[in-house]
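Undergrad: Following the hints, complete the assembly by docking chain S with the ligands onto the known chain F.
Chain residues, written in single-letter form:
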Amino acid sequence: MALKHQTPMLDELEKGPWPSFVSDIKKVAARKPMAEDLLGVLELSYKEKEGHWKHGGIVGVFGYGGGVIGRYCDRPDLFPNVAHFHTMRVNQPASKFYTTDVLRKICDIWEAKGSGLTNMHGSTGDIILLGTTTDQLEPIFYELTHELGMDLGGSGSNLRTPEGCVGKARCEWSCIDTQDIIYDLTMTFQDELHRPAFPYKFKFKCSGCPNDCVAAIARSDCSIIGTWRDDIRIDQEAVRAYIGGDFLPHAGGHESTKRALDIQAEVIDLCPTHCMEWDGKNLKIDNKNCVRCMHCITIMPRALRPGVDTGATILCGAKAPILEGAQLSSVIIPFIKMEAPYDEFKDFVDKLWNYWMEHGKNRERLGELIQRQGLGAFLKACEITPDPRMINTPRFNPYIFYDPADVPGGWEHDPKAFRERHQA
Amino acid sequence: MSDEKERIVEWMKQQKKSKQYFNDVCKAVPELNMRQAKKFINELVAEGKLKYWSSGSTTMYMLPSEGDVAKEEEGMA
Ligand code: SF4
Ligand code: SF4
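Going down the list, the sequences are from chains F and S. Per our numbering, the very first residue in the first sequence carries number 4; after that it's consecutive. Per our numbering, the very first residue in the second sequence carries number 10; after that it's consecutive.
Derived by calculation from the structure, the hints in this document are not laboratory data. Values in this document were obtained by computation on a predicted structure and should not be read as measured data. Treat the hints loosely; a few may be bogus.
What the hints assert, rightly or not - Taking lysine-lysine and the BS3-like style, the derived pairs with C-alpha atoms no more than 25 Å apart in a straight line are:
1) S/K28 <-> S/K14
2) S/K48 <-> F/K116
3) S/K26 <-> F/K364
4) S/K48 <-> F/K364
5) S/K14 <-> F/K364
6) S/K48 <-> F/K354
As the list claims (entries may be wrong) - Stretch by stretch, here's where chain F covers chain S in the computed footprint (C-beta under 8 Å, at least three residues):
7) 15 to 23
8) 37 to 45
9) 51 to 62
10) 65 to 72
Said to hold, decoys possible - Cβ pair distances, simulated, as ranges:
11) F/K349 <-> S/D33: 25 to 33 Å
12) S/A55 <-> F/E342: 31 to 39 Å
13) S/K26 <-> F/A5: 16 to 24 Å
14) S/M10 <-> F/D194: 18 to 26 Å
15) F/C278 <-> S/A55: 20 to 28 Å
16) S/M10 <-> F/D312: 48 to 56 Å
17) S/M10 <-> F/F24: 43 to 51 Å
18) S/D33 <-> F/T396: 48 to 56 Å
19) F/T103 <-> S/M10: 43 to 51 Å
20) F/R107 <-> S/M10: 41 to 49 Å
21) F/D234 <-> S/K26: 53 to 61 Å
22) F/R366 <-> S/A55: 19 to 27 Å
Each residue gets a CB set at the ideal place from its N, CA and C atoms; glycine is no exception.
The following block holds chain F by itself, in its conformation from the complex:
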């Protein structure tokens, strides 16, 4: 079927070797006028190098401050079917485990009441339903909640939908139960998810091990990353088998032909703290100096495994560049057991939010507030003792200011007398 709008520039995007979103939208456009006009407005934007969307508005479902993002096209004369094209965010199940039945039902709802276009998944992890009109918002919400047992996710100055890696469900490296943690946080913090009262967005992301498959360290204001505090478990027999070429390195993730592993070049020399040694027969690890980077475990999964005294490291302050540049999270709690019902963690979150809500400026992420006021102020507010592990390279960052009240015995500082001794 010929489409309503000519899209020569978009058509170019169908020519490469990769799957094309243009082809996908065209498929839907054959039956949905909304998708047809979406192609039209996109072509116009490419031509004029100017956007034609207006984001934001008061549309939403009753009582919820998030989950719906109002969107309007500023050329409804040309593209009447996308004059209103609101986005809905649906809270994905922990670790994104669905039944096909649920996926079908979501698609059916969206086919009937929306554009039929979805984005699986948005960067928060939510299922993104793209494009519907205001009158459909409540009916869609009703069906999602009553028929599928699903809820809207976070948007705006809310807690955003918490997200976790696949965790113990499928991954032997997971040191914590990421699914349970994410489910528990989602249920505990419903008010924060749906009723916005933060200075800006706030994200929790949880990875089961330092491989950090959900990129918690780069994308979340509070990153929960699984780790262990005892020793890496070593099966020496299996180490020798890798060297003998019996097992594929990386479990065959990068190659399919068996070969001998060069343990010196591929493992020992790449250990960031040089804490490993191979004596020709046995692999030794100085676990005190291991920084849990996962490199050796990832390359020899049959031989090495995380320890058994597991828990998580809590890091805070990651964000993408808006104010300031992009920032990774910093270690705040080096080790926490992270066992249900996670009270110790939730107490910390409570203090963290109180601090950010009281001191954060409008549209200031937690990481920016910490940068503005200093890590010391944040630690004090959260009642956490400073620790060298919070500093990237402690030996290169020796400037630590102590508060006399925090040091046993304290001291008196007489600025006048000091100035007399140091006049310049």
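TA: Structure of chain S with the ligands alone, referenced to chain F:
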């Protein structure tokens, strides 16, 4: 309506801008901390006396007289 809620609505009416950040709305009840203030603001939303406005990344609060869905859509249509 409780005294706190009345003061919040009054404060909203006095502002020049129609949309207010949460932090600023809390200035109407300075004796409360943010989380206490949130309780009253939530109630006002539930009662339809305040409305959310969201850009997608940030949320603001409005009086219902300022934020009308029909008007918003008309402005665009
Ligand atoms: S982050 Fe670690 S535990 Fe989670 S899926 Fe990735 S490798 Fe597995
Ligand atoms: S996990 Fe990383 S730091 Fe620890 S021993 Fe292995 S390679 Fe070295």
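Undergrad: Now look at each hint and say whether the structure bears it out.
TA: Hints versus structure:
Of the pairs offered as hints, the one joining S/K28 and S/K14 holds, with about 17 Å between alpha carbons and a cut-off of 25 Å not exceeded. In summary, the hint linking S/K48 to F/K116 is not supported, as the alpha carbons are separated by about 34 Å, beyond the 25 Å threshold. Our distance criterion of 25 Å between C-alpha atoms is met by S/K26 and F/K364, whose separation comes to about 18 Å. Taking the CA atoms of S/K48 and F/K364, the gap is about 20 Å. The hint holds against a cut of 25 Å.
The hinted pair formed by S/K14 and F/K364 meets the criterion: a straight-line CA distance of about 23 Å does not exceed 25 Å. For the proposed pair S/K48 and F/K354, the alpha carbon gap of about 18 Å is at most 25 Å, so the pair holds. Under a criterion of three residues with beta carbons nearer than 8 Å to beta carbons of chain F, the stated coverage of the segment 15 to 23 of chain S fails, only 0 such residues being counted. Evaluation of the coverage hint for the segment 37 to 45 of chain S: fulfilled, as 3 residues show C-beta separations to chain F shorter than 8 Å, against a requirement of three.
Restraint check on the segment 51 to 62 of chain S versus chain F: 6 residues with Cβ-Cβ distances below 8 Å, three needed, restraint holds. Here the segment 65 to 72 of chain S counts 5 residues with a CB under 8 Å from a CB of chain F, which clears the bar of 3, and the coverage holds. Taken as a hint, the range 25 to 33 Å holds for the pair F/K349 and S/D33, whose Cβ atoms sit roughly 28 Å apart. Between S/A55 and F/E342 the beta carbons are some 36 Å apart, a value that agrees with the proposed interval 31 to 39 Å.
Between S/K26 and F/A5 the CB atoms are about 48 Å apart, so this pair departs from the stated range of 16 to 24 Å. In this structure the supplied range 18 to 26 Å holds for S/M10 paired with F/D194, their Cβ-Cβ distance being about 21 Å. Here the CB-CB span from F/C278 to S/A55 is close to 57 Å, at odds with the stated 20 to 28 Å. For S/M10 and F/D312, the hinted distance range of 48 to 56 Å is satisfied, since their beta carbons lie about 55 Å from each other.
Taking 43 to 51 Å as the suggested C-beta distance range, the pair S/M10 and F/F24 conforms, at roughly 50 Å. At roughly 40 Å, the beta carbons of S/D33 and F/T396 sit outside the given window of 48 to 56 Å. Taking 43 to 51 Å as the suggested C-beta distance range, the pair F/T103 and S/M10 conforms, at roughly 50 Å. With their beta carbons about 47 Å apart, F/R107 and S/M10 fall inside the hinted range of 41 to 49 Å.
Hint check: F/D234 to S/K26, Cβ distance near 59 Å, so the stated range 53 to 61 Å holds. A hinted range of 19 to 27 Å holds for the C-beta pair F/R366 and S/A55, which are about 26 Å apart.
Taken one by one, the earlier hints fail for this structure at numbers 2, 7, 13, 15, 18, listed in ascending order.
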